[in-house]
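Asker: Residue-level listing of the chains:
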Amino acid sequence: MKTSTKSLLLSIALCVPVLTMGEGSVNTDDAVLLPVRKDPTICFRIWFKVGSQNDPKGKEGLAEVTAAMISDASTRNNSYEQILDKLYPLAAGYDAEASVEMTAVSGRVHKDNLADYYPLLIDAITAPAFAQTDLDRIKSGILSTLENTLRYSSDEELGKAVLYNDLFAGTPYGHITSGTVAGVSSITLDDVKAFYTKYFTRENLVIGLGGGYDESLLAKLRGDLGRLPAGKPEEVPPPVPAAFEGWKATIVEKDAPATAISMGFPIDILRGTKDWYALEIANSWLGEHRNSSSHLYQVIRERRGLNYGDYSYIENFPHGGMRSVPPQNVSRRKQIFEIWIRPVPEETGHFALRAALREFAKLTEHGMTAEDFTITRDFLKKYVLHYAPTTMERLGYALDDRFYGIEGSHLERFRSMMQTLTLADVNAAIAKYWKKGTMDIAIVTKDAKGMRDALVNDTPSPISYKNPKPASILAEDKEIAVFPVKIKPENVKVVPVTAMFK
Amino acid sequence: MRWSIVALLLFAFCAAAERPAVADTFFPYKVHTEILPNGLKVLLIPMDSPGLVAYYSVVRTGSRDEVEPGKTGFAHFFEHIMFRGTLKYPGGVYDSIVTSLGADANAFTDDDITAFHLNFAAEDLEKVIDIESDRFQHLHYELPDFQTEAGAIYGEYRKNVTDPFEVLSEKVRDVAFDVHTYKHTTMGFERDIKAMPEGFEYSRSFFRRFYRPENVVLLVVGDIAIDKTMDLIRKYYGGWEKGYAPSNVPPEPPQKGERTAEVVYQGKTLPIIDIAYKGEAFHPASRTFAAALLMGDLAFGVTSDLYKKLYIQDQRVDALEASIPSQRDMPLFEIYARVKKEEDVGAVRDDIYATIAGFQKTPVDAKRLADAKKRRRYGFLMGLDTPDRVASRLAYIIAVTGGVDAIDTLYGELDKVTPDDIMTAAKSFFTPENRTVVVLKGTAK
Chain G
1102 MKTSTKSLLL
1112 SIALCVPVLT
1122 MGEGSVNTDD
1132 AVLLPVRKDP
1142 TICFRIWFKV
1152 GSQNDPKGKE
1162 GLAEVTAAMI
1172 SDASTRNNSY
1182 EQILDKLYPL
1192 AAGYDAEASV
1202 EMTAVSGRVH
1212 KDNLADYYPL
1222 LIDAITAPAF
1232 AQTDLDRIKS
1242 GILSTLENTL
1252 RYSSDEELGK
1262 AVLYNDLFAG
1272 TPYGHITSGT
1282 VAGVSSITLD
1292 DVKAFYTKYF
1302 TRENLVIGLG
1312 GGYDESLLAK
1322 LRGDLGRLPA
1332 GKPEEVPPPV
1342 PAAFEGWKAT
1352 IVEKDAPATA
1362 ISMGFPIDIL
1372 RGTKDWYALE
1382 IANSWLGEHR
1392 NSSSHLYQVI
1402 RERRGLNYGD
1412 YSYIENFPHG
1422 GMRSVPPQNV
1432 SRRKQIFEIW
1442 IRPVPEETGH
1452 FALRAALREF
1462 AKLTEHGMTA
1472 EDFTITRDFL
1482 KKYVLHYAPT
1492 TMERLGYALD
1502 DRFYGIEGSH
1512 LERFRSMMQT
1522 LTLADVNAAI
1532 AKYWKKGTMD
1542 IAIVTKDAKG
1552 MRDALVNDTP
1562 SPISYKNPKP
1572 ASILAEDKEI
1582 AVFPVKIKPE
1592 NVKVVPVTAM
1602 FK
Chain S
61 MRWSIVALLL
71 FAFCAAAERP
81 AVADTFFPYK
91 VHTEILPNGL
101 KVLLIPMDSP
111 GLVAYYSVVR
121 TGSRDEVEPG
131 KTGFAHFFEH
141 IMFRGTLKYP
151 GGVYDSIVTS
161 LGADANAFTD
171 DDITAFHLNF
181 AAEDLEKVID
191 IESDRFQHLH
201 YELPDFQTEA
211 GAIYGEYRKN
221 VTDPFEVLSE
231 KVRDVAFDVH
241 TYKHTTMGFE
251 RDIKAMPEGF
261 EYSRSFFRRF
271 YRPENVVLLV
281 VGDIAIDKTM
291 DLIRKYYGGW
301 EKGYAPSNVP
311 PEPPQKGERT
321 AEVVYQGKTL
331 PIIDIAYKGE
341 AFHPASRTFA
351 AALLMGDLAF
361 GVTSDLYKKL
371 YIQDQRVDAL
381 EASIPSQRDM
391 PLFEIYARVK
401 KEEDVGAVRD
411 DIYATIAGFQ
421 KTPVDAKRLA
431 DAKKRRRYGF
441 LMGLDTPDRV
451 ASRLAYIIAV
461 TGGVDAIDTL
471 YGELDKVTPD
481 DIMTAAKSFF
491 TPENRTVVVL
501 KGTAK
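Protein sequences appear in the order of chains G and S.
Numbering-wise (this note's numbering), the first sequence opens with residue 1102 and increments by one.
Numbering-wise (this note's numbering), the second sequence opens with residue 61 and increments by one.
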């Protein structure tokens, strides 16, 4: 057991001391511990090494359904109604969320209420009832998400889902976590039980425990989780997305009030490596999430007022519309570079696409300037402090460190890299990982055929404004309007929205 | 506000009070309160958060203040305009300073509030006070910037309008209110958003009337020293001139009968029913309000009989929720249900009515009431673990009441609520003549 007693003594504050951010976690063979003695709450994150990549063919959505059968359903000792009644006065709950490669059962409770809470959490994980009525309710909710919410209520999430599904088609990453309508519809109790028995095993988990817990709690957790089935499932090989060069596009046709765009390509780089932090500097400058420092935001929103925001990513960032900093426990072995253009008026869709691609092309061609590099590096050095202010979030990061095999901590390395990386490092990373002229583009729009023709013919997309604009912007607009993005007809698909996630 | 006489004597030119964190108060942090001569109220809450500070400028103005016809959505629009800068720090310079601080900065607007917030490293406190005080006193923007920002607002509207709940909320307010400004959402009517580029002069008057020290509360939480922070705030905000001109928000006359409507959502959705009752303006000492808050949990929350029946057992709805908001004027107390089959909407509605009738006639079980109180207390306290979470939880109550003492008062009242109080609340608010019922249905099948 590799336990550092030094780290155990380090974190005593409720919040993260700036200078020791990310320190304090202890790795053992089966656990990641983050003791914070002054924290009046206790945080659990029990990580099972399973996700939607493990969904059997034809049962897409099974990992998500199984996770919900743990967190939102009955156990052998309590009906779901009884569980809700018992959790209610504790102001506590637990959640099980499946991502592509990880499923984390997480919960937080005040110390005062631990004795009442703990048996409920353990039962959820080790003694799910797998009742048909729970399965019916959970399936119905996921199907409604696929058929209604995703297809109609959020064109932004739809665009992102289309992009990921297309990039990873034919691989275990090739469907969103919620699966497909046919897959979810076909899931039976036997499917759930078999999936649970295979993947929710005592050899396939890592215990994450943080906050003001008592030493004895870990031993108890180990004992109780030891009741899970035995077995070490075979690891799914990392996905190998189909290689492509140049442009390709999927246009989803729907009666949308505006045009939503997501685009990207797979990249071979993961957090922890020097190049990742170098590329993150370039990415932050180009499109820091929900931040006006994003260059794409400046070009498309701030100067032209076309939409609400424009961002870029080198790691998957689910539910981006609802969070300002990255989530935890959605780690994956294959990431993509991604640009997110929030909905723009339909008549400016082609223009906005060109504007983003032009900025990306300029960056890949010329690299960052020394001034932008310094500003962005200094920004990130401090901005990363906001990534994990709570014990729960730090515990999530500590588990992700384990996923990526990072010794020490990603957040700590992030800060120290901001002291040492140079402009040359950043520009070398851009040249190595970002390809100019290659992009898979997902567009959600009303006139899909019109958009298809415009992309195939590389039709100019001039823009006009109702209000006066400075000459410099009008001059730049002329260049954007003819920036070449010609896509071969065979590389453009038009899909009706009703065909999505079938 | 519990003024300390000693403190009042100590500060000749400004009022100050130390609100003690003692065992008999519910809110666990010590709050330092001080009012500058120009009326700016400052609340400082030091907490154990080494190196981190949350800085909130709470403007006690929101879409509630949009009384002029054709100007709905302006409070929110103005929130955006506040990022366009000053002569000293033009928008781009302001942005680059925030970037250089690595601050997590944003803003939000609602019916009764516009709040601007930054989280940053404690060493940058003076810089943040400098740039924030500057834009609140000397905002400067030109017509083209103003018009460009109107485009971003329309973009935000387009992003939101695909959400059925947004469409429903627009309709419910419009039907339920006749004259009060809660008739429109914070986003505003689409026709008014379209016309925003024409409102340049109006926007300037908006700044002159509402962005004044008497209408703003500064809330600073985290790793701060009170004396040093106050010195900086006096230095940078001391010259800010008074001039707040409250808007004349028309009071809503009592509703005299049930209202119903349907609204169509352009797309596919499960039908949603919203049953909205006229509630009461927030007053922390109102036992009836506290009782209504708990009734929302007990009648429609996850442990309610109705939730168990409709969501878990019969599975006729996939969402059921009540909302009992704390607002400056009379808000809507709402109950929503998303129904799986259109033909069940009427039955679900009747089940909701029957539940309310039950709460009007039968006292709630004492243990369930005790559980609901415990949940509210722990839920609130567990959320107070970072400077930003403390500040964001206080911002609304500050906007509505002007301070944070309402928290102790409210939780004190919640503790005292009896089963009889719940029956009284059920009978006071949840009556047929006081309700508006709107059903939303999609166009696609």
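Where hints are given, some of them may not hold.
To be verified - Pairs of lysine-lysine residues, derived as DSBU-like cross-links and limited to a Cα-Cα distance of at most 35 Å, are as follows: (1) Lys400/S / Lys1299/G; (2) Lys1547/G / Lys501/S; (3) Lys1482/G / Lys400/S.
Quick caveat, the hints were computed from the structure, so don't treat them as lab data.
Asker: Next step is simple, just say for each hint if it's right about the structure.
Answerer: Checked hints:
1. A distance of roughly 33 Å separates the Cα atoms of Lys400/S and Lys1299/G; the hinted pair therefore holds under the 35 Å criterion.
2. A distance of roughly 21 Å separates the Cα atoms of Lys1547/G and Lys501/S; the hinted pair therefore holds under the 35 Å criterion.
3. Our distance criterion of 35 Å between C-alpha atoms is broken by Lys1482/G and Lys400/S, whose separation comes to about 48 Å.
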